[in-house]
Structure formats: structure tokens, C-alpha cells
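Engineer: Single-letter residue listing:
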Amino acid sequence: MSENVDTSRAPRRIGKPASRFSRLFESKQLGWGAFVVAIVFPFILATPYAMNIGTTAVIFILLASGLNIVVGYCGLLDLGYIAFMAVGAYTSGIVSKAWDLPILFTIPAVLVMCILAGLIIGGPTLRLRSDYLAIVTLGFGEIIRLTANNLSITGGPSGIYGIPGIELFGLKLSDSVPFYYFCVVVVSLLVLGSARLGKSRLGRAWRFVREDEDAAEAMGIHTYKVKLAAYIFGAMWGGLGGMLFAAHLSAISPQSFVFLQSALVLMAVVLGGMGNTRGVVVGAVAISLLPEFLRDMGNLRYVIFGVVLVAVMVLRPQGFWPSRAFEVERTDGESENADPGPGDSVSPAKGGTL
Amino acid sequence: MSPLLEVNELQIAFGGVKAVNGLTFSADAGEIVSVIGPNGAGKTSAFNCITGFYKPVSGTVLVDGQDITGKRPAAIAATGVTRTFQNLRLFPDLTVLDNVRGGMHLYGGQNFVDALFHTPRYRKSEAYYTDEAHRWLDFVGYRGGRGIPVRNLAYGQQRQVEMARAMARKAKLVLLDEPGAGLNHSEKRELLQLCRKIRDLGAAVVLIEHDMSVVMEVSERVVVMNFGKEIADGTPDEVKKNPQVIEAYLGKADEPAADEAKDAAGRAENPDGGKL
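Chains A and B are the protein sequences, given in the same order. Once you know that position 276 of the first sequence is 276 in full-length UniProt numbering, the rest is easy, because the numbers rise by one and skip nothing. Once you know that position 9 of the second sequence is 9 in full-length UniProt numbering, the rest is easy, because the numbers rise by one and skip nothing.
Since the hints were derived computationally from the structure, they do not count as laboratory data. Incorrect hints may have been included.
To be verified - Where chain B lies over chain A, by a calculated footprint (3+ residues, C-beta under 8 Å): (1) 196-202; (2) 220-229; (3) 267-274.
As the list claims (entries may be wrong) - Result set (DSBU-like, lysine-lysine): computed pairs, CA atoms no more than 35 Å apart in a straight line: (4) 240(B) with 229(B); (5) 225(A) with 71(B); (6) 71(B) with 199(A); (7) 170(B) with 199(A); (8) 124(B) with 225(A); (9) 225(A) with 55(B); (10) 225(A) with 170(B); (11) 225(A) with 172(B); (12) 172(B) with 199(A); (13) 199(A) with 124(B).
For glycine and all other residues, C-beta sits at the position ideal for the given N, C-alpha and C.
Build out the structure end to end from the sequences listed, making use of the hints.
Structural biologist: In C-alpha cells form, the structure reads like this:
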């Protein structure tokens, strides 16, 4: 609750961000800051290993921001999110290999398949609430993986290999540094997109559903459609993440899409702060980089990783950077007067004695 | 002119219990109708049925001549029905303004493409939503902070926000389920004023209320329910004199008079509607 501490310390200044510190964190320039950091990173460290880790982290940010739409905005606990990434990765792999297409040309197919997958998985399950939904999504995640494991078109357990890299206007972007930049640009746009969706009419409807489904329904929000929309957007973000993943590794197999991966993406969302895009980006970076920083520890690293996660959740259960309900209000004069502007058909003048 | 809300022979059963058993009543535009009755009489069940949260066993609900029986709540809201809940049902982690915007979902004005690219349509509709939110908060006389989470507000303010959210729906039919519960005396006076203001906008106001002084003062018509059925329907004075009502609800014959006396005393104290 520490994000509330500042406001309570300055109760008379309600309506303004409480401190310079918190204002910095609410700043709109912060996204640009993160973007610049991501752009500068290869100039500091451009070893193939660092580029590999960096690209993986960037793709992971995309997955987390997609899952944030489903879990953070809409409050639907999805334990099989990686299934959408698998759908995207396999679709782009299969289509690009079968017709010898550049991988970017598979994007329409990826989006269509992800929307279909979102409808097929979400359609029957979104009538369920909370815990039941979590169990069913867990099952669907496994179904997708097992299907990929047993079909011949997906290459069975050995998967698909030799997936082409990214090519754009004749430029080959499959080298590690250009591909990293490509991912940074694409993911930045998609993260911005998910943040913007969160602040729109649809995004508010998602939050209303998360907060109180019945009240949302009473206000005319078709909760089923709205939840399905969250699922489909999450699926598209996940699918595009899968496409980048396939282009990055050039080989995919069912082992890439196990439950642990779903759990890690979910962890990034929860750890970062559900519903806040910035927090989720921080969480995704932490989850993907922490095991690498701990690599020197050998086998102990996952133990330490686990301890760190538990510690964070105990000390800061709302996540590093939770979404903070705050809005800049009109100036005091305006809101205190209860005096609406001209052309007001329901002027509260009659209730002036209230 | 046909009434705005027509409830005909409405029946709802939970297992073997008939919570509402043949309720019939109506409400006109520009009218305040109170639904009263002892606990367990089926008032809230009837509201939940009118707004689609419960599916009736039989009977019909017409709003503006349109049959809405058994539709889903969102579809019923779209025909112009709005409501508040007996126990506050706000969106606790969202700001006051966002809560009020909740009532504006059906205004439309933008789709997800607008949101992704921040088109002029998006900006325009967001500005409109914000203006409207402020306007409705002004309308209900809300004076607290507006950019803060609604969970931090006092109970009376939360009630106001819920009213603002319901009004932002701009509905023809406003169903208020015990809007006065948990409010103090002056807050109740404000509520009465607000009910009248809503009526003056041309909406039909149907409210469930336990406080007899509120009911008798504000309503044009009172529907008394007992055992899931209306037992009386008329002006407050008619209902007060109805022997069935006295027996079923008021218990003692002298109670309405006592209430009225108390009410008159309240008016004398606060001649202009309860300003402190």
C-alpha cells in the first residue's frame, strides 16, 4: 500500500501527484526512457550471448504485456497462456516452410489462427468464473502442447526447424543485433498498444468486469463479449510473440511451450504489478534476466530465483509497480462549485441547497 | 399512454420457495414509485428479475412497451434501465471518475482501433466521457475527490458515486434498491431531493425503501409487497389507510401517524432540505 502513503501524508493536496518521486514514475516520458535504454544496450554489450538474452527478454515483455490484458486488465486468470504463443509460433513456422514465404508474410495467418484459438478456448470457458477458468485454461494449454507433440504437420516431438529469419525490404535482419532492434521496435509498439487499450472504453470495460462483473453487466456491458475481446487481444499479442520466437530460434518444438513457461509469464505480470503496463515490463525484464545474472551460481540459481520471488511477493504482494488508481482532476474551483457549464440540460441549480 | 414499466404476474422461484409470486405493478415516466414490504417480501428479487439478474418462472416485464423478460442484464440496460444495488456494488479499485464512466459504456463513440491510434474520435469521446462524469457527479451533489480510488471514500460518498454511475446511464427507468440504507438524516434529505431531480428529468423512479418517512414523503405511489405479491398499490395516504397494509407491514395502527409526526419535526428542523 506504499503507493497510498504519499497521498495520505498530504491530504490537502488531493488531486495532485503526491511527490516529485511519484510524479517521475507517472511521467509519460518514462516509456521513451525505457525505449532508449533498449536501443543503447547493444552499444554497451553486443556479444552474441547478450543479444540472445536481450532478444529473449524483449519477446518475453511482449508475452507479459499480452497476458496483462487478460489477467491484469480483465482479471481472468489464464494458466495456459503459452498455448497462444505456441499457436503463433507453429502457424508462422508451418506457413513459412510450406509456401517458402518470408516469415513476416505469415503475420495475417498468425493473427487469424490466434483469433480462432482465442474464440475456441475462450468461447466455452469464459462462462466460468475465477478458479474454474484457471483450471480449464491450464488444461487447454496442455492440450495445445500435446496436439503439437502428436501431429505430423507440427513435426511431432522434434518440432519444426529451419524457419527463416526476418527479412524486411530486402534487408536481412536475421543477424543478432538487427533482429534485436527489430524486436525492440515491434514490441515497443505492441506494448504501447496494450497500454492504450487499457485506457480506452474497452479497457475500462475490462476493469469493470474485473472489479464487479454484475455491476458491469447492470451498466450495459456485455461481460461475455468483453471478456472474449480480452482473450482475443491477449491471444494476438501472444501469437506475435510466438512468431518472433520462431524467427529468433529458427526452430520450435513442443518443449518450448510447457506449463512452466505459462507460469513464468504469469509471474512476470503478478510480480510487476497487474494491470500496469510499466510494472509488467519491469516484471518481465526481471523474470527473464534474473536467472541469467544468477548463472554463476550453477544449480543453486533456481533456488535463489525462487527465494527472491517469494521474498518479493511477501514484501510487496501488489507487485513492484502496481496500477495506481489516480487521475488528475479539474482545477479545484471547477469541481467544488458544482456549477456545470452552459448548455446543461440537467442543471443541478435546483439542488443548490444540497 | 402506456406506463413506462409494466410488471405482469411476475413469478420467481428458488427451489420450492416462491420469492416473487404473481407481482403486478407499473410505473409511469416522471413518477416516483416506492416498493415497500417486510423483509423477505421479494422486493429485491423482483428488482433482480426486472434487471435480468434472475430469470422469472413466468410473467412479463415490459419497458416502454418492449418485452424484456428473461433478457440478459446488459441487453435490459441497453433498453434504458439503470439500477443501484442494495449493498454497494462499485468498482472499488478504480477512481471516482472511472466508476461514473462505467455508466457510460453504451454511449460508444470509439472502438479499439481509435484507442490504438488515438484518433480524434478517441480524444473527443474521452473528453466527452470526462465532462459527463463531472456533470453527473455535480448532479448528485458529490463533493469529494474525484481522481482517487472509490474504496477510500466514506460510505455516504460511495452511495453518491453509485447514484452518479446509475444516472450516467441516462436511463428512462431508474431502479434504486434501498438507496437510503446506511445514510444519516441529512444525507437522506439530500437523497429525497435527488430522487425528485431524477424524476424531473422525466425518468420513472422505482425505489425500495424501508424508511417510512422517506417513502411517504417522496413517492407519488406506493406498492406494498408481502409474500411475493403486491397487497396494495396507491398514493401514500391510501396505502397508509389500507387495513391489509397495516396488518402485514406496519403492525400497529398508530405507527404511520408517529412516523408522520417525526417527519414533520424533521422538516421543521431543516426547512430547506437538510443543509447542515
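Engineer: Next step is simple, just say for each hint if it's right about the structure.
Structural biologist: Against the structure, the hints:
| no. | hint | verdict |
| --- | --- | --- |
| 1 | 196-202 | holds (count 6) |
| 2 | 220-229 | holds (count 5) |
| 3 | 267-274 | violated (count 0) |
| 4 | 240(B) with 229(B) | holds, 18 Å |
| 5 | 225(A) with 71(B) | holds, 15 Å |
| 6 | 71(B) with 199(A) | holds, 30 Å |
| 7 | 170(B) with 199(A) | holds, 23 Å |
| 8 | 124(B) with 225(A) | holds, 25 Å |
| 9 | 225(A) with 55(B) | holds, 20 Å |
| 10 | 225(A) with 170(B) | holds, 22 Å |
| 11 | 225(A) with 172(B) | holds, 25 Å |
| 12 | 172(B) with 199(A) | holds, 29 Å |
| 13 | 199(A) with 124(B) | holds, 14 Å |
Comparing the model with each earlier hint shows a violation of hint 3 alone; every other hint is respected.
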